[in-house]
Every structure is written in C-alpha cells, then in structure tokens.
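Student: If you want the building blocks of each chain, they are given just below.
Number of protein chains: 2
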Amino acid sequence: MSRISTKPPSGTRDFLPADLARRRFVVRVIEEVFGSYGFVALETPAIENLSTLLGKYGQEGDQLLYRLLHRRDALTRALATAGVGEAELADQGLRYDLTVPLARVVAEYRELPRFFKRYQIQPVWRADRPGRGRFREFYQCDVDIVGADSLLAEAEVCAATAQVLGALGFKDFVLQLNHRQLLRALVSAAGIDAAQEGTALVAVDKLDKVGQAGVQQELTARGIGPQAADRLLELLTRDPAAGDRASIDWLRAELGPTPAAALALPALDQLAALLELLAATPAAAHVRLNPALARGLSYYTGPIFELTLPGLAGSVGGGGRYDNLIGMFGSQPIPAVGCSLGLERILLLLEERGLYPTLTTGPDLLLCWFGVELDAVLRTAHALRAQTLGGRGLRVEVYPQAAKLAKQLQYATAPHATAPHATAPHATAPGVGLPAVAILGASEASAGTITLKHLASGQQRTVPLAEASETLQGLALTPPALTPAGS
Amino acid sequence: MSRISTKPPSGTRDFLPADLARRRFVVRVIEEVFGSYGFVALETPAIENLSTLLGKYGQEGDQLLYRLLHRRDALTRALATAGVGEAELADQGLRYDLTVPLARVVAEYRELPRFFKRYQIQPVWRADRPGRGRFREFYQCDVDIVGADSLLAEAEVCAATAQVLGALGFKDFVLQLNHRQLLRALVSAAGIDAAQEGTALVAVDKLDKVGQAGVQQELTARGIGPQAADRLLELLTRDPAAGDRASIDWLRAELGPTPAAALALPALDQLAALLELLAATPAAAHVRLNPALARGLSYYTGPIFELTLPGLAGSVGGGGRYDNLIGMFGSQPIPAVGCSLGLERILLLLEERGLYPTLTTGPDLLLCWFGVELDAVLRTAHALRAQTLGGRGLRVEVYPQAAKLAKQLQYATAPHATAPHATAPHATAPGVGLPAVAILGASEASAGTITLKHLASGQQRTVPLAEASETLQGLALTPPALTPAGS
Numbered sequence: 490m491s492r493i494s495t496k497p498p499s500g501t502r503d504f505l506p507a508d509l510a511r512r513r514f515v516v517r518v519i520e521e522v523f524g525s526y527g528f529v530a531l532e533t534p535a536i537e538n539l540s541t542l543l544g545k546y547g548q549e550g551d552q553l554l555y556r557l558l559h560r561r562d563a564l565t566r567a568l569a570t571a572g573v574g575e576a577e578l579a580d581q582g583l584r585y586d587l588t589v590p591l592a593r594v595v596a597e598y599r600e601l602p603r604f605f606k607r608y609q610i611q612p613v614w615r616a617d618r619p620g621r622g623r624f625r626e627f628y629q630c631d632v633d634i635v636g637a638d639s640l641l642a643e644a645e646v647c648a649a650t651a652q653v654l655g656a657l658g659f660k661d662f663v664l665q666l667n668h669r670q671l672l673r674a675l676v677s678a679a680g681i682d683a684a685q686e687g688t689a690l691v692a693v694d695k696l697d698k699v700g701q702a703g704v705q706q707e708l709t710a711r712g713i714g715p716q717a718a719d720r721l722l723e724l725l726t727r728d729p730a731a732g733d734r735a736s737i738d739w740l741r742a743e744l745g746p747t748p749a750a751a752l753a754l755p756a757l758d759q760l761a762a763l764l765e766l767l768a769a770t771p772a773a774a775h776v777r778l779n780p781a782l783a784r785g786l787s788y789y790t791g792p793i794f795e796l797t798l799p800g801l802a803g804s805v806g807g808g809g810r811y812d813n814l815i816g817m818f819g820s821q822p823i824p825a826v827g828c829s830l831g832l833e834r835i836l837l838l839l840e841e842r843g844l845y846p847t848l849t850t851g852p853d854l855l856l857c858w859f860g861v862e863l864d865a866v867l868r869t870a871h872a873l874r875a876q877t878l879g880g881r882g883l884r885v886e887v888y889p890q891a892a893k894l895a896k897q898l899q900y901a902t903a904p905h906a907t908a909p910h911a912t913a914p915h916a917t918a919p920g921v922g923l924p925a926v927a928i929l930g931a932s933e934a935s936a937g938t939i940t941l942k943h944l945a946s947g948q949q950r951t952v953p954l955a956e957a958s959e960t961l962q963g964l965a966l967t968p969p970a971l972t973p974a975g976s
Numbered sequence: 490m491s492r493i494s495t496k497p498p499s500g501t502r503d504f505l506p507a508d509l510a511r512r513r514f515v516v517r518v519i520e521e522v523f524g525s526y527g528f529v530a531l532e533t534p535a536i537e538n539l540s541t542l543l544g545k546y547g548q549e550g551d552q553l554l555y556r557l558l559h560r561r562d563a564l565t566r567a568l569a570t571a572g573v574g575e576a577e578l579a580d581q582g583l584r585y586d587l588t589v590p591l592a593r594v595v596a597e598y599r600e601l602p603r604f605f606k607r608y609q610i611q612p613v614w615r616a617d618r619p620g621r622g623r624f625r626e627f628y629q630c631d632v633d634i635v636g637a638d639s640l641l642a643e644a645e646v647c648a649a650t651a652q653v654l655g656a657l658g659f660k661d662f663v664l665q666l667n668h669r670q671l672l673r674a675l676v677s678a679a680g681i682d683a684a685q686e687g688t689a690l691v692a693v694d695k696l697d698k699v700g701q702a703g704v705q706q707e708l709t710a711r712g713i714g715p716q717a718a719d720r721l722l723e724l725l726t727r728d729p730a731a732g733d734r735a736s737i738d739w740l741r742a743e744l745g746p747t748p749a750a751a752l753a754l755p756a757l758d759q760l761a762a763l764l765e766l767l768a769a770t771p772a773a774a775h776v777r778l779n780p781a782l783a784r785g786l787s788y789y790t791g792p793i794f795e796l797t798l799p800g801l802a803g804s805v806g807g808g809g810r811y812d813n814l815i816g817m818f819g820s821q822p823i824p825a826v827g828c829s830l831g832l833e834r835i836l837l838l839l840e841e842r843g844l845y846p847t848l849t850t851g852p853d854l855l856l857c858w859f860g861v862e863l864d865a866v867l868r869t870a871h872a873l874r875a876q877t878l879g880g881r882g883l884r885v886e887v888y889p890q891a892a893k894l895a896k897q898l899q900y901a902t903a904p905h906a907t908a909p910h911a912t913a914p915h916a917t918a919p920g921v922g923l924p925a926v927a928i929l930g931a932s933e934a935s936a937g938t939i940t941l942k943h944l945a946s947g948q949q950r951t952v953p954l955a956e957a958s959e960t961l962q963g964l965a966l967t968p969p970a971l972t973p974a975g976s
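One line per chain: the protein sequences are A and B, in this order. Residue 490 is where the first sequence starts when you use the working numbering, and the numbers rise one by one after that. Residue 490 is where the second sequence starts when you use the working numbering, and the numbers rise one by one after that.
Because the hints were derived from the structure by calculation, they are not lab data. Each hint should be verified, as a subset may be incorrect.
Which copy is meant is left open, because identical chains are indistinguishable; a pair holds if it fits in one copy or across any two.
Claimed, not checked - Cross-link-like lysine to aspartate or glutamate pairs, in silico, DMTMM-like; alpha carbons within 25 Å at most:
#: 1; residue 1: Lys545; residue 2: Glu626
#: 2; residue 1: Lys698; residue 2: Asp758
#: 3; residue 1: Lys896; residue 2: Glu577
#: 4; residue 1: Lys893; residue 2: Glu707
#: 5; residue 1: Lys893; residue 2: Glu686
#: 6; residue 1: Lys545; residue 2: Glu841
#: 7; residue 1: Lys698; residue 2: Asp728
#: 8; residue 1: Lys695; residue 2: Glu840
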C-alpha cells in the first residue's frame, strides 16, 4: 500500500515542543534586549505582491521566489496566453526577506515615527536547494533604525546585537567593522579599475575561506594584475594585532594624497568615530576593524559589520548602513542602518555548545488518580492550577483516562517529545519526562490532601492540597535520598 | 507616474507595533492558560505537500488552497503537458488549517507522548473573498487532546477554553453543548430519512440567524415534510429555561422505546456526565445544553460545543470529539477532542468592548541630549537600560541625532505608530506617545545625574543616574500638578 508521506516538505520543519521551547527562549532573549533599546516589533504578511518583490534580490533571487498560482478564471486566462510562463501564472509570492517588506511599510504608513526602530522575527521562503542548516522556510531576525543619518544609529544597532549574543552566552564573538567607501577607495588605490571593483570584492569576500594566496589567485583569475592584487591585499590585511587606531593611521598615511584618499578619509574618520562610540557600549570588548570585510550585498553605503565566532566559517549576523534602499517605494531616499541575526545558525550553535539553560517544555506535574470520581479529579486539577510556581501558574496535566496507578506513574517518567531534527534527523535523544507527580486516591480526596512525589529523588509527601506548590518546590530542592533509579 | 502599491495584498495585513502589542497580549494569555492545563506548543511549516492537503476540506476547500507554482524545469515540463491545469502546475501549497498538520505530525513522530496535548497558534491561508473580519491570511488557535477517549478530555478542553475567555475579560460567554449522535438520533426520531440528515442539519445550523420559522421554511425547501420539520424543531428547541438535566430527562422520555433511542441514550448519558464534570471546572457558570447546536463540520463523532456571546452572531470558538480524523495518515483511528478559538474575532471583540488593558508598545522613555559627547550619551543609555522597571529592563530610546532639545521633546510627545486596521482601515487613532523623557545636558553629564520628566504630569526631577528607574516610577504615580496640556 502506498502511503502518503507524513514528513514535512523538503527544506521545511515541524517544531515539536522541546524544539519550540529552545526557539522561544532565544526569541525572548532577543526581544528583551531589542526592547530595552527602544526597538518595537513589526510583522508583515507572508504573501506579498510580486510587483513588490521582483527585481529586489537580483536575477538569482527572482528565481528563488515562491509564486502563488492563479486560481479559477485567472488561471484559465493565463493558460490561454500564448507562450505562457511564470509571469502570467502568478502575481503574488511569499516573502523572501524582511527588508523589502520594511521598505513597503515605511512607504505606506505615514503615522510611523520619524525614526522607526523596528525588529522583525518571522519566517521567509526561498526555493533553494535544501542542505544542512539551509532551509526553504526559515526565520530571519532583523533589527533596523530607519530615518537617522548619525553614527549613533550604527552604534545602537551594533550594541544591541552584541548584547543579544552576550545575553545568549556567547563570550568570544567578534564584531568586525569596515566601511563600504573605504573598501571602494582601497580597490581604487590598488590601481584596480572602477569597472572591476565588483569582481575584485567577490574575490576579497573569500579571504576567510581561501586565505591570502587563494584570494590572490582568484583576483588574477578575474583579470586583475598581480601588482594590483598584491597591493590590494597589503592594504586590506595589515596585522590586526597592531590595533585598530594604528591601522587607521597607517591607512591614512599609505593613501597619502592619492585621489582615492578623498573617498577613504571620510570613511576612516567615520570608522574612528564609530570605534570610539562602541567603546561606550556592550560591544566594546568585541569590536575589531577588518578592512577586508566585504559582505556580499551591494546595497550598503557606509559602515558595515559582521558578527563572527572564532573557528566558525561564515557569520552569525551582519549588517550596515544602506541609505538608498528603504526609500525605494517612495519619492526620496531614507537613511537606514540595520543588522540581520542568523537565527537558525544561532540556534544550532547554542545546541552544539551546550549553552541552553534547562528549559521546561511541558507541565510541572502529572495528576494521577484512582478510586475517585472524575469531578473530584477536575476539582483537584483546578485547585492545583490556581497555585503559582516561579511566578507563573502551576502546570498540571491530568492523566486523561482511568488506568492502574503504576501505568500512570510510568507515563510520567517516560520520555517526552523531543526535537526530531535538533542535531540529526530523528535522533532519539531522551526526553526530560516530568519532574513530579501528584497522586489523588480516595484517602486524599476525603482528607483534602494530595500526595506529591518528586521523580528524580523519589521523595514523597502527603500535604494539604493548598500547600502543593510550596511542597513541590521543597521536594525539588531536597537532595536525592538514594541514587535515582535509571540514572 | 504609476507607483507600485505599498498596501499589503488584499486579505492580508501588516501588524504595526501597537496592533502587535494587543495580539501578543492575547496570545500570551492563551498560552499561559493552555500551559497550566499541560498543553504544549507545536508549530508546523506554512508549506505542505498538496498530497497532504487535498481532499481534506471538501471540494470548496480544495478550491481555496493556495498552490505554489512549480519552477524552472518542473514548470516547463508541466506547461508542455496536454490540457495542463492546476494539478500539473503545483504539488505544494499553503497550510489551510491546523488540524491536518496535526494529523500528519501525529503519524510522523513516534516519540510523541501517547496523550498528546498540544496547542498551535499560527497563520493559515485561504484564497477566499476578503471582507470585514475575513482574511486570506489569518491566525488560528487550536487546542487538542489526541489519544484519549475519556470524557475527561472533553472536560479539560472545554475548561481550558472557557478559562481563556474569562482571563481575557469576557464575563457573559456561553459554552453551548450538544452531541453529534444525539443530533443524528433526533433527526431520525423526527422521521427524516438518514439520506437527508446532512441537508437537514445545514438548515438547523441556521437557527441562530433565521429563527424557528426560517428553519422550518428551509427544511421544507430542502424536501423535508412539514410534520417531520415540526417534530424536529420541537425536539431541538425545548425551552432552555427548564434546565439542562430536565431537558435530558424530557428527551429520554420523548424518544421512549423508538429505534432512535438506541443512538440517543448513550449520547444523552455522555452529555449528562459531561455536564456534571464541567460543573467542577471554570466552565461551570457558562455551560448550556443546546440540542440544536449542529456545527458545520461533519467530522465530529461525539460531544460538540461552541463558545458564544449574547447578541453576537456566530461564535468565538468551538470544537468537539472527532475520533476518525487524526489517524487519517496512519493505519488506525486515534481518538481526539479539540477546540479552535476564533483568534481574529476575539481580538476584534476585545477592541470593540474596550477590554484591553493599557499595553506599552514602545520604550519607557526617550533619552534627549545636548551639549555632550556621543559616547556619554551611549554610556548613559547603557546605564539606564541596566536598570529594571516592573520586572523587566528599562526600555530606552536614544534620540538618534543631534537636534535642539525642544525638537527632541516634541518628538517624545508626538503620537506613535498605531494599528492602521484595528477598527477601520487607516483610522488615525492617536498614539500613546512616550510616558517620560530623560534629559542629559552638560551639567548632568559632569555630575553623573539625569533629569527625568514625566510627560503627562509635567513633573521633573534631577537625580543620580543610578536612581533613574526608581524616580521614574515615583513620578508616574504622582498625580499631575496641573491639567496636562492637550488632554
């Protein structure tokens, strides 16, 4: 018998409770930090008009857009068109990133504050080839300040994202800093023609992966002379141990009175000022100037930055100033600085490095019952749920049908649902089970008491129902009397 | 000049910060209550295979599915097919509801607990004609217990959803209760042929809207004899003032030893037992038996229920037992009870009835500055953000560029972004502005102090920086010295 596959479509994922607990923990930390910086939340629809999306991500991006097929008459009409193709078959698609929707929102709502500090954490869709850590449906996490042209905006965005990484437990991350105009100036100063700037930067962008010799080869392969390639690498890769301010002074001196200096000097001044500002923020210990930082996207206009971890290829986030993009749907340019955190990557790294705190996924206890009426079970559950534990309501699952007590207790200790794809597909990592059970028998029901059993320690106490939560906390703190079974 | 529209696509919405604050408040209340009942969160992808979705929602549902157009070679091949239609052009689509994904998840992951109590709050997509309160992209909020066949499951689902409505501030809601098998039995007892059961129930479902006379007309129009129609209405609409138990006894007596009684009596027994159980839960004061409650969906197999508000057409939620659906992707039926809350409708009603608490959307204060270095501004912002207010970090927006103090203060009092579609499209409801500003001038910077100004009261104090949050709370509590300007 051929059965329908029940796996989620390739490149998409189901988030089971334990997995979701980790995702929500991270999102909560991010929202708290961004909120403390005065950023507010925005959400936009998954569906956008293709007129909004097309042409914003380059030709490759256009091909990766998910398009929504016309229906009924519109589909019939489209199929009757000579040479029908995707342009005729769809006029809406799925959100590809969070920046174009932001630009649309900024153009649409006049009531937004002049300085719009927003964060947005939502899924985006790309019809890319799925792979390890690469999905077709995945979350982006963007934070942007729209409307401000001062370096304070750069400083605040860098500080906020650095503080997020710190709050999540990353200690050794680096905030690499560069400037789009400095990069252009250095390419020009190396004697590379402006027409070759793009191709040169694509090569430079690989420095991380292929090293200096690799980039040199790549530059040559792209038609850049060996002398220019040498000089470019010299300008871009001065020993960072010299210190950022020394590097800036060295670059100023190297460029001297060349024509490239006219472009480079304001950029170097901005970098020097930004370094000084960041020294007053939580990013202070993490900042490092990196003149070779290119970042792929061509839309940046000023300072750019990237958050990296030692030993990790690629980044966990990055951004910069892009003053020509947010105004694209309006009549004038609007300055903007933003950063995108690689949420999926961050989740993976927290997992790999064991940085997650203990997260309770499910209920605090299972209410087991025998020899009592069902309404007594419900009344007891209600009384337990009205109690608080750690500032929130006690979470109580009721064993949902009659069964022997041993069976109910066994259910409480059995592993719970775990994330099927947290580390490997269908890993059967042991679940946490439940920390405790409450037992309601005839004697408890008539006495208004409840028996609480802490499963790890095996400790058990019968107490007045009203003292259940308090007792539970005491039991959880008591060291186990015996080595717990099965540990 | 023809400009691209920056409105979200028809039937979809942008959620601006103030709107999102309300949505998140409601979701948080729901999650807290569901969590206290031991329900855990599940999320599934927006994209599902059409093999999963098709045929699950009837012919009409299939037509409302959003389908994702094939790309590249797959599209070319599809277009080359003779008589190409939507079946050839797509094999994936957007999630239409949260029940079919739940069934898929239950079939896929063996590690799920035997009794899977999950809630799921995610958007779904339907290519329906948009209208007031009807969207193409909207959130559903489902809560289900999978795997349990005891009435405890019904009682817990009803109790949890009733508690949600109570926690949101609805006092007068009614939990209407019926049983699918009772309904079938009463249709049969009225002398209506089993083949006409479906059409008869469609008519009965309109009782709310068209009244008894209207339903009678409708039944006749659907080919049901006047005598049968009369008898059906008599059985379904006994004066509810008689009390639920009396109604059950009356129905038992009316059916007597008819063949229909064999179906009706177990259902009546279950309803009587469920009424007794619900009396022990937060639903107690709200439950009412309604033998005419039909609910549109044909997949229910046992008790059904609906949450209504007096004077409101339609419901704010509903559900029931459906023992034949969750197992559809596996080899055997799996019992299930669930309820879907009408999240969009609840949001609208909370708005209309003024039931939202005051929700702070943005920062607690704007840091205004003049005559100081930028790094001092950032240091001060950081010191403020490290302070707490009401259990969370103080939320501080920094005025992001140099400007006259008057201009900065004006920015703080100006209305903030409001929800453009909360009550009417593009209503320009006044925003809340910011409650307070912090002012950092040269004297404050050198003395390590900050000047705080509460905007509503006009009260102002200069205090050591470390006392800012504490002072702010004091200022907010102080009654205004003068009538605040503009109020």
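Student: Now, for every hint given, state plainly whether the structure supports it.
Tutor: Now for the hints, and whether the structure bears them out:
1. For the identical chains of this complex, Lys545 and Glu626 are neighbours both inside a copy (19 Å) and across copies (23 Å), given an alpha-carbon limit of 25 Å.
2. In this homomeric assembly, Lys698 and Asp758 never come within 25 Å of each other (Cα to Cα): the closest approach is 29 Å inside a single copy and 72 Å across copies.
3. Within a single copy, Lys896 and Glu577 get their C-alpha atoms no closer than 60 Å, and across copies no closer than 50 Å, so neither meets the 25 Å cut-off.
4. In this homomeric assembly, Lys893 and Glu707 never come within 25 Å of each other (Cα to Cα): the closest approach is 71 Å inside a single copy and 51 Å across copies.
5. In this assembly of identical chains, Lys893 and Glu686 lie within 25 Å of each other by CA distance neither inside one copy nor across copies; the values are 75 Å within and 41 Å between.
6. Taking the shortest Cα distances, Lys545 and Glu841 never come within 25 Å of each other, neither inside one copy (35 Å) nor across copies (40 Å).
7. In this assembly of identical chains, Lys698 and Asp728 lie within 25 Å of each other by CA distance solely inside one copy; the values are 18 Å within and 79 Å between copies.
8. Taking the closest pair of Cα atoms, Lys695 and Glu840 never come within 25 Å of each other, the shortest separation being 27 Å inside a single copy and 53 Å across copies.
Of the numbered hints given earlier, the model fails hints 2, 3, 4, 5, 6 and 8; all others are met.
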